[in-house]
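Hey, can you work out the whole structure from these sequences and the hints?
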Amino acid sequence: MTVLATQRLVARLLMDAHFRQQFLDEGLLALGDADLTDVEQRGMEELRGRQRRGLEFSSTLLLGRREQSLRGLLPATLRLLGANRSSRLWADYGHQARAEGISTVTAEALAFARFLEDRFDSRNDELLSAVRRFERRKLEIYESRNRTIEPHTPEVVPAILESTIAMIPDTYALEVFAFDVTQIATWLKTQSGTLSIPAIETTVLFYIDIHTRRPAAAKVSGDMAALIEFCDGRRNIGQIARALVKPGAREPDVLRLCQAAVRELERHGAMRIAPFERSG
Amino acid sequence: MASHQLMIERLPDCGVGLVYHPEMRNDVSRFRDKIDYLELIADRVLSDLGLQEARFLAGEFRLLFHGLRLSIGSDQLPDTTYVKSLATVVQKFDPHWISDHIALTRVGDIELGRLLPVPFSADSASVICRNVRHIQLAFGCPFLLENIAYYFIAPGTELDEASFITSVLEATNSGMLLDLNNLYVNSVNHGYDPYRFLSALPLQRVIEVHIAGHAWRDEIAVDTHGHAVDPEVWALLEWVCAHARVRAVTLERDQNIPDFSEIVSELDRMRAIWQQGRRLSSS
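The listed protein sequences correspond, in order, to chains R and V. Mapping the first sequence onto our numbering, position 185 (from 1) lands on 185, and the numbers just tick up by one. Mapping the second sequence onto our numbering, position 244 (from 1) lands on 524, and the numbers just tick up by one.
It is worth saying that the hints were derived from the structure and are not from the lab. Even for Gly, the Cβ is constructed at its ideal location relative to N, Cα and C. Where hints are given, some of them may not hold.
[What the hints assert, rightly or not] Listed next, with one range per pair, are the computed distances between beta-carbon atoms:
{"no.": "1", "chain 1": "R", "residue 1": "Thr186", "chain 2": "V", "residue 2": "Phe336", "range": "25 to 35 angstroms"}
{"no.": "2", "chain 1": "V", "residue 1": "Asn536", "chain 2": "R", "residue 2": "Gly82", "range": "17 to 27 angstroms"}
{"no.": "3", "chain 1": "R", "residue 1": "Gln68", "chain 2": "V", "residue 2": "Tyr472", "range": "47 to 57 angstroms"}
{"no.": "4", "chain 1": "V", "residue 1": "Ala418", "chain 2": "R", "residue 2": "Gln68", "range": "21 to 31 angstroms"}
{"no.": "5", "chain 1": "R", "residue 1": "Arg88", "chain 2": "V", "residue 2": "Asp293", "range": "44 to 54 angstroms"}
{"no.": "6", "chain 1": "V", "residue 1": "His414", "chain 2": "R", "residue 2": "Gly32", "range": "30 to 40 angstroms"}
{"no.": "7", "chain 1": "V", "residue 1": "Gly471", "chain 2": "R", "residue 2": "Gly32", "range": "24 to 34 angstroms"}
{"no.": "8", "chain 1": "R", "residue 1": "Ala5", "chain 2": "V", "residue 2": "Ile537", "range": "36 to 46 angstroms"}
{"no.": "9", "chain 1": "R", "residue 1": "Phe120", "chain 2": "V", "residue 2": "Ile537", "range": "32 to 42 angstroms"}
{"no.": "10", "chain 1": "R", "residue 1": "Val39", "chain 2": "V", "residue 2": "Pro538", "range": "38 to 48 angstroms"}
{"no.": "11", "chain 1": "V", "residue 1": "Asn536", "chain 2": "R", "residue 2": "Thr186", "range": "23 to 33 angstroms"}
{"no.": "12", "chain 1": "R", "residue 1": "Glu140", "chain 2": "V", "residue 2": "Gly388", "range": "34 to 44 angstroms"}
{"no.": "13", "chain 1": "R", "residue 1": "Pro198", "chain 2": "V", "residue 2": "His414", "range": "50 to 60 angstroms"}
{"no.": "14", "chain 1": "V", "residue 1": "Pro538", "chain 2": "R", "residue 2": "Thr2", "range": "44 to 54 angstroms"}
[Claimed, not checked] Looking from chain V toward chain R, a few residues come up when the C-beta cut is under 7 angstroms (computed):
{"no.": "15", "residue": "Gly388"}
{"no.": "16", "residue": "Ile428"}
{"no.": "17", "residue": "Tyr431"}
{"no.": "18", "residue": "Leu439"}
{"no.": "19", "residue": "Asp440"}
{"no.": "20", "residue": "Ala442"}
Structure follows, in C-alpha cells:
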C-alpha cells in the first residue's frame with residue numbers, strides 16, 4: 001500500500017468507531033481489498049492484539065482533542081446542553097461519524113450541530129434550537145470565508161444624491177430569532193447558573209469582519225437589516241435612502257440616518273464604503 | 281544541504297526556557313532573570329493578537345518558535361499557506377531555529393487535530409525527508425525535529441525508532457528537539473530502555489530538549505504537560521546534558537499550571553543540570 005493509503009486507513013480506524021469495531025471483530029477482512037504488504041499486515045494484526053489498548057486510547061485522545069476544539073466553536077450550545085449531556089452526545093456522534101468528509105474542526109463542529117438537530121425536536125426545546133442555529137450560522141460563515149471575501153464589483157450607475165457606494169461582502173447572512181439570541185449566547189459563553197430568557201425577537205447579522213477576517217455576529221434592528229439588503233454594491237447611498245423612505249418620512253432625514261448606519265457598519269468591519277464612479 | 285549542517289553546528293547556547301502561555305504574562309516578566317528565552321507555539325503567533333503579543337515579548341525575551349501543524353509525516357507536501365505564514369514569523373523574529381514534530385496531523389484533507397505516529401520505515405523516512413527539505417528551503421533557518429509520544433505503533437513499521445530518527449536527521453542535516461518526557465512515556469508504554477534509545481541517537485544533533493510531566497491513565501503513561509517533571513525524566517536530562525552539547529532546555533507546562541514559584545524551581549533545577557553538563561563537556 002502507498003504511505004498515504006496506509007495513513008488514511010489508520011486515520012479511519014481512529015476516527016470511525018464503527019469501522020474500528022468491525023476491524024477488531026473481523027481483522028483484515030474488515031479492511032476489504034486494501035493491498036497491504038506483509039509488514040503492514042503484521043502491523044494491522046498487532047493493532048488487534050497487543051497494540052489494541054493503545055489504538056483505543058489514541059482514539060479516545062483524538063476524540064477528546066476534537067471535543068476540546070468543539071468547545072471553542074459551539075460554546076453556547078455545549079453550555080446549554082451541560083457537560084454530561086454534551087459529552088454523551090459527542091461520544092454518540094463519535095460512534096456514528098466517519099472519517100471521510102470531515103476535513104477540518106470547523107467542518108466537524110458543523111456536522112455535530114447537524115447531528116444535534118436530528119437528536120432534538122426544536123418544538124420541545126426552542127432555546128437550544130435557537131442557540132444551536134445561531135452558532136451553526138456563524139460556523140457556516142466561517143467555513144465560507146475563503147470562498148467569497150471580496151465585495152461585488154460595483155456597476156457604474158449615475159450619481160443621484162451622494163458619491164458613496166456601500167458594499168457588503170457576499171459572506172453574510174441575516175436571521176431572525178424568537179429570543180434575544182445574541183444576549184443569550186454571550187451569557188452562556190461567559191457565565192454559569194440560571195438565565196432568565198429575554199423574550200425579545202432579534203435580527204442577527206452574521207458576517208466576516210473585513211479587518212480581522214474572523215466571523216462575527218451583531219444584533220441589528222429591522223430597519224438596519226433592510227438597509228443591509230440594499231447594500232449590494234450596485235446602489236449609492238442616495239438610492240438606498242430613497243428605497244427606504246417610508247410614507248410621511250423626509251428623504252434627507254432618511255439619507256442622514258443611512259449614512260450614519262453605513263459608517264457604523266464599516267466601523268464594525270461588516271461593510272466597505274467605496275467611492276462612486278460617475279458614468280460617461 | 282551542507283549549509284544546514286554548518287548552521288546546526290554553529291547554533292549558539294540559549295540556556296533555559298519555558299513554553300509560553302498568555303496566562304503566564306505577568307509571571308514571566310516578574311521572573312525575567314530566571315528565564316533565558318520563551319518558546320512560543322507558532323500557530324498562536326499567526327493571529328493579529330498573537331503577533332502583537334509576540335512583538336511585546338520579543339522586547340524582553342529571546343523567542344523560539346515551535347510548530348504543531350506542519351504534519352511532516354503526511355504523504356503530501358506541507359500546507360503551503362501554513363508554511364508561508366511560519367516563514368513570515370521567521371522573517372519577523374529571526375529565531376535561532378524553528379521546530380515541529382515527526383508526526384502526522386493531517387491525512388489527505390482530514391485535519392486530525394492531534395499528533396499521530398508515522399510508521400518507522402524507509403518509505404515513511406523518504407516522505408519526511410522530502411517534506412523537511414521543502415520546509416528548510418522555505419524557512420531559511422535551522423529546523424529541528426521532535427520525537428512524539430505515541431500509544432500504538434503505526435502499521436508498516438520495520439525499523440526501530442532511534443534508527444528511523446537518525447536516518448531522517450542525517451539525510452536532511454536537521455537538528456533534533458529531543459522530548460525526554462515523550463521518550464520516557466514511550467519507553468514505559470512500549471517496554472524499552474530509554475538509555476539504549478539515547479545511545480543510538482546522533483547526540484551531536486540534539487540541539488534542544490523538552491521536559492514535562494506525565495500522568496497515568498488505565499496503566500498507560502500519558503504525556504499531559506500538566507504535572508511536575510518526574511524523577512526519571514530529570515535523570516534522563518542529566519544523562520543527555522552530560523553527553524550532548526544541548527543549546528536549550530525547555531519546560532512545557534500547558535495545563536494544570538501551578539503557582540509560578542513551582543515552575544521557577546523546575547527552571548532552577550534545569551539550569552543547574554544544564555550548566556553541569558556544559559562544564560563536563562568543556563572539560
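Right, here's what the structure says about each hint:
1. In this structure, Thr186 of chain R and Phe336 of chain V meet the distance hint of 25 to 35 angstroms, their C-beta atoms being roughly 28 angstroms apart.
2. Restraint check, Asn536 of chain V to Gly82 of chain R: a C-beta distance of roughly 23 angstroms satisfies the suggested window 17 to 27 angstroms.
3. A beta carbon spacing of about 31 angstroms between Gln68 of chain R and Tyr472 of chain V contradicts the range 47 to 57 angstroms that was offered as a hint.
4. Range check, Ala418 of chain V to Gln68 of chain R: about 29 angstroms between beta-carbon atoms, so the 21 to 31 angstroms window is met.
5. In this structure, Arg88 of chain R and Asp293 of chain V meet the distance hint of 44 to 54 angstroms, their C-beta atoms being roughly 51 angstroms apart.
6. In this structure the hint that His414 of chain V and Gly32 of chain R lie 30 to 40 angstroms apart at CB holds, the actual value being about 33 angstroms.
7. A hinted range of 24 to 34 angstroms for the beta carbons of Gly471 of chain V and Gly32 of chain R is consistent with their spacing of about 33 angstroms.
8. Taken as a hint, the range 36 to 46 angstroms holds for the pair Ala5 of chain R and Ile537 of chain V, whose Cβ atoms sit roughly 41 angstroms apart.
9. Restraint check, Phe120 of chain R to Ile537 of chain V: a C-beta distance of roughly 36 angstroms satisfies the suggested window 32 to 42 angstroms.
10. Remark: the range hint 38 to 48 angstroms for Val39 of chain R to Pro538 of chain V is upheld by a beta-carbon distance near 45 angstroms.
11. A C-beta distance of roughly 28 angstroms is found between Asn536 of chain V and Thr186 of chain R, which places it inside the suggested range of 23 to 33 angstroms.
12. Checked against the hint of 34 to 44 angstroms, the C-beta distance between Glu140 of chain R and Gly388 of chain V comes to roughly 23 angstroms, which is inconsistent with it.
13. Range check, Pro198 of chain R to His414 of chain V: Cβ separation about 54 angstroms, and the 50 to 60 angstroms hint holds.
14. Between Pro538 of chain V and Thr2 of chain R, the C-beta spacing of about 46 angstroms keeps the proposed range 44 to 54 angstroms intact.
15. The beta carbon of Gly388 of chain V comes within 6 angstroms of a beta carbon in chain R, closer than 7 angstroms, and the hint placing it at the interface holds.
16. Restraint check, Ile428 of chain V versus chain R: the minimum CB separation of about 11 angstroms is more than 7 angstroms; hint violated.
17. With a least beta-carbon distance of about 4 angstroms to chain R, the hint placing Tyr431 of chain V at the interface is held under the 7 angstroms criterion.
18. Interface restraint check: Leu439 of chain V against chain R, minimum CB-CB distance 10 angstroms, threshold 7 angstroms, status violated.
19. Taking 7 angstroms as the C-beta contact cut-off toward chain R, the hint placing Asp440 of chain V at the interface is violated, the least distance being around 14 angstroms.
20. Hint status for Ala442 of chain V relative to chain R: violated, with the closest Cβ pair at about 19 angstroms, above 7 angstroms.
The structure fails to meet hints 3, 12, 16, 18, 19 and 20 from the earlier list, while all remaining hints are met.
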